[in-house]
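Number of protein chains: 4
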Amino acid sequence: MKILVTGFTPFGGETINPSWEAVRALDDSIAGADIIKCEIPTEFEASIDALKAAIDAHQPNAILCVGQFGGSPSIQIERVAINLRDARTPDNAGFQPHDQPVVDSAPDAFFSTIPTRQITDRLRAAGIPAALSYSAGTYVCNNLLYAALYESSQAEKGNSVRCGFIHVPYLPDQAAAAVSNAPSMSLELMVQALTIAVGTIVECR
Amino acid sequence: MKILVTGFTPFGGETINPSWEAVRALDDSIAGADIIKCEIPTEFEASIDALKAAIDAHQPNAILCVGQFGGSPSIQIERVAINLRDARTPDNAGFQPHDQPVVDSAPDAFFSTIPTRQITDRLRAAGIPAALSYSAGTYVCNNLLYAALYESSQAEKGNSVRCGFIHVPYLPDQAAAAVSNAPSMSLELMVQALTIAVGTIVECR
Amino acid sequence: MKILVTGFTPFGGETINPSWEAVRALDDSIAGADIIKCEIPTEFEASIDALKAAIDAHQPNAILCVGQFGGSPSIQIERVAINLRDARTPDNAGFQPHDQPVVDSAPDAFFSTIPTRQITDRLRAAGIPAALSYSAGTYVCNNLLYAALYESSQAEKGNSVRCGFIHVPYLPDQAAAAVSNAPSMSLELMVQALTIAVGTIVECR
Amino acid sequence: MKILVTGFTPFGGETINPSWEAVRALDDSIAGADIIKCEIPTEFEASIDALKAAIDAHQPNAILCVGQFGGSPSIQIERVAINLRDARTPDNAGFQPHDQPVVDSAPDAFFSTIPTRQITDRLRAAGIPAALSYSAGTYVCNNLLYAALYESSQAEKGNSVRCGFIHVPYLPDQAAAAVSNAPSMSLELMVQALTIAVGTIVECR
Chain A
1 MKILVTGFTP
11 FGGETINPSW
21 EAVRALDDSI
31 AGADIIKCEI
41 PTEFEASIDA
51 LKAAIDAHQP
61 NAILCVGQFG
71 GSPSIQIERV
81 AINLRDARTP
91 DNAGFQPHDQ
101 PVVDSAPDAF
111 FSTIPTRQIT
121 DRLRAAGIPA
131 ALSYSAGTYV
141 CNNLLYAALY
151 ESSQAEKGNS
161 VRCGFIHVPY
171 LPDQAAAAVS
181 NAPSMSLELM
191 VQALTIAVGT
201 IVECR
Chain B
1 MKILVTGFTP
11 FGGETINPSW
21 EAVRALDDSI
31 AGADIIKCEI
41 PTEFEASIDA
51 LKAAIDAHQP
61 NAILCVGQFG
71 GSPSIQIERV
81 AINLRDARTP
91 DNAGFQPHDQ
101 PVVDSAPDAF
111 FSTIPTRQIT
121 DRLRAAGIPA
131 ALSYSAGTYV
141 CNNLLYAALY
151 ESSQAEKGNS
161 VRCGFIHVPY
171 LPDQAAAAVS
181 NAPSMSLELM
191 VQALTIAVGT
201 IVECR
Chain C
1 MKILVTGFTP
11 FGGETINPSW
21 EAVRALDDSI
31 AGADIIKCEI
41 PTEFEASIDA
51 LKAAIDAHQP
61 NAILCVGQFG
71 GSPSIQIERV
81 AINLRDARTP
91 DNAGFQPHDQ
101 PVVDSAPDAF
111 FSTIPTRQIT
121 DRLRAAGIPA
131 ALSYSAGTYV
141 CNNLLYAALY
151 ESSQAEKGNS
161 VRCGFIHVPY
171 LPDQAAAAVS
181 NAPSMSLELM
191 VQALTIAVGT
201 IVECR
Chain D
1 MKILVTGFTP
11 FGGETINPSW
21 EAVRALDDSI
31 AGADIIKCEI
41 PTEFEASIDA
51 LKAAIDAHQP
61 NAILCVGQFG
71 GSPSIQIERV
81 AINLRDARTP
91 DNAGFQPHDQ
101 PVVDSAPDAF
111 FSTIPTRQIT
121 DRLRAAGIPA
131 ALSYSAGTYV
141 CNNLLYAALY
151 ESSQAEKGNS
161 VRCGFIHVPY
171 LPDQAAAAVS
181 NAPSMSLELM
191 VQALTIAVGT
201 IVECR
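As they're listed, the protein sequences go chains A, B, C and D. Using my numbering, you'd call the opening residue of the first sequence number 1 and step up by one each time. Using my numbering, you'd call the opening residue of the second sequence number 1 and step up by one each time. Using my numbering, you'd call the opening residue of the third sequence number 1 and step up by one each time. Using my numbering, you'd call the opening residue of the fourth sequence number 1 and step up by one each time.
Hints are not guaranteed to be accurate.
What the hints assert, rightly or not - Simulated restraints, written as ranges between beta carbons of each label pair:
(1) C:A93 with D:S29: 46 to 56 Å
(2) A:Q96 with B:Q100: 26 to 36 Å
(3) A:N61 with B:P90: 23 to 33 Å
(4) A:V103 with C:G12: 53 to 63 Å
(5) A:E39 with D:S105: 55 to 65 Å
(6) C:G12 with A:N61: 55 to 65 Å
(7) A:Q118 with B:A25: 31 to 41 Å
(8) D:A93 with B:A53: 21 to 31 Å
(9) D:I16 with A:G13: 29 to 39 Å
(10) B:A125 with D:A93: 42 to 52 Å
Stated by the list, open to error - To spell it out: a stretch of chain D is covered by chain C in this simulated footprint if at least three of its residues, at any positions, have a beta carbon under 8 Å from a beta carbon of chain C; those stretches are:
(11) 55 to 69
(12) 84 to 96
(13) 175 to 182
These aren't lab readings, by the way, just hints derived from the structure by calculation. Heads up, the beta-carbon is just placed ideally off N, CA and C, and yes, glycines get one too.
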């Protein structure tokens, strides 16, 4: 079994992105599955291209995308992606769409197809602050999850790949540098959280 | 040089108090100073008695009290203690004062006498989320800092002991168990923060 | 033109629901459209029945449902409803579904079909705190919007009814009675907001 | 009986200050007391001069200063002022003090001398969101309350004037114009709150 786990490049003036820092620190094998790690550009279009290229290259059985949610106090397990792009700030390519679809003439939304409830329960049982989330926003994170779920929905029956998205908080040094009093989480705990999430994806089909 | 560092016993239904967990994990010597560690009961009266007993026994040059501030996203360095007790819930002895002074006929407030600004700056420079705070509340934490500063203010000239207070957030497993989506901080980061704070107290007179 | 505007009955221990208080105070005619007002029970099943009955009875051209979002500081204009029921507390009929669909074998979500962006812009231009929202939760509010959009999607081409949902904050006296320090909004401002929203639905097709 | 009630000039890029809007709308007589209204510049030094001039001119029996606390969801009744000036942004005169006292060699803090608990209780009983506050910040608001209380403390025995401070939230149109989703309160409710507060000061000696 192969799981593709992606993180994003830094954006919004930050020099690191905790999502990629946590993903790159994962073990290469979790719960018996091979872990393929991929850093994705924080750009609406290029992120989708990069994901498709990684899927083509590795043919994973499941995909877990990870992104930064600055201001979140906990791990957020996203349940749904919507067919909407609306950016308050330009992406890393300078593109700032307003009220546009991710995919033309496609469904309004897709539910995540990983076991979001079980992941959340296991994280909390392990002492890791975590919550289900019903909005992944309208920026590049939601865009990537929607694209992954749309691609999977187009696959031939039986070939669909399970896809999900997890948002991680700021790292402590990002929060320390911020003007506002933002919450944060240690890298160690993020890595532990993603390891549990991947293990749950492997075990709960 | 001797620094007395105190943490509190658990309260409010919690089974641990991160303040004492962090204090007990400190090195016995920081920046050349001997560290005396003391667990203080979360009770208005007994906390003051325990502090006075520790002062009598150890004659410290400075005192750093540490307490839990559930819901805080960062280390809070308290600048002021007020002469007021007002408890929304009973303390661990079942005592629930309303609008009473800590010390009768004493000043309305005392500023902390440790280098709060330098501690905050050093913590943030070290990548640890931290902020100055101008209210330590009206519960046992404020009560203990007020009592420490009042005692010190009564000392003979030249003998006064510097006193301060630091609030730490929930530990991750406390936040994970909470119904609400509370922020948290790892024990490792708390210990690092207190080590920097004590070092700053030693170095900045 | 006829617009059906609904509010909910009180729930969660409250004695009033600001959504119905604001709806019942609307003028009977706004921007030339007749306003049909309907109080809907805060129950997963009965709310849908009540909505269908009102649609049958009045054959409205558009539907605006309004609900309470305690804790919100502003008017929230919902953009999407998801096919999911998950209740932290029982509804007024004692029903507490977990991870169930609103409608079996139906799409994962529908976008609202009222002009959400224009409503938000007009509200803010009128000095009323307002924001687009991308999650109406998983309780009775989301349930009602999903059901309305699903029904409309089943209509014959050209007969579909535009449907939307607006969340209003607590009224001031609800916030005053709450233990926590919750934000609120005056009834007058809510009524003004709903009047602008309905006018925008009438004018922006 | 004469009560001096002050509000502040706009600052921080705002064109109005809700504190003065609410104060200027008060009746000229409340609970049998004459109400003297005074707009105070949002400047560390000039605010104190203006307050002293108003005291000299009107010889009030009590003083209630009112200020804006953008981001607060409720009326905040301040219990304490500290002898500290620390400004994150310059005041309206371009002065930006850091860690300086309001009055040299004066006490660290003074408690407000108006009946803060009764005011809070009466406001909540009247359905107005309100809370006691234990920090008025370190900007011009705290500065003015400290100066008022210090002046009063210097008066001959029996001649001291009761002084207090109330923070009000943003007005709705300020919140609507803000980028963030800030809470607000209607002017009518603020005026009602200040009327109750002044009445309580008159009646509870």
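Okay, the hints, checked on the actual structure:
1. C:A93 with D:S29: 46 to 56 Å: Distance hint for A93 (chain C), S29 (chain D) holds at roughly 53 Å.
2. A:Q96 with B:Q100: 26 to 36 Å: 57 Å Cβ-Cβ, so the 26 to 36 Å window is violated.
3. A:N61 with B:P90: 23 to 33 Å: For P90 (chain B) against N61 (chain A), whose Cβ atoms are near 55 Å apart, the range 23 to 33 Å is violated.
4. A:V103 with C:G12: 53 to 63 Å: 38 Å, violated
5. A:E39 with D:S105: 55 to 65 Å: Holds, since E39 (chain A) and S105 (chain D) (Cβ atoms, about 59 Å apart) stay within the stated range.
6. C:G12 with A:N61: 55 to 65 Å: Once the Cβ atoms are compared, 43 Å apart, the range 55 to 65 Å for N61 (chain A) and G12 (chain C) is violated.
7. A:Q118 with B:A25: 31 to 41 Å: 33 Å Cβ-Cβ, so the 31 to 41 Å window holds.
8. D:A93 with B:A53: 21 to 31 Å: 51 Å, violated
9. D:I16 with A:G13: 29 to 39 Å: 32 Å, holds
10. B:A125 with D:A93: 42 to 52 Å: Given range 42 to 52 Å: violated, Cβ gap about 32 Å.
11. 55 to 69: violated (count 0)
12. 84 to 96: violated (count 0)
13. 175 to 182: holds (count 5)
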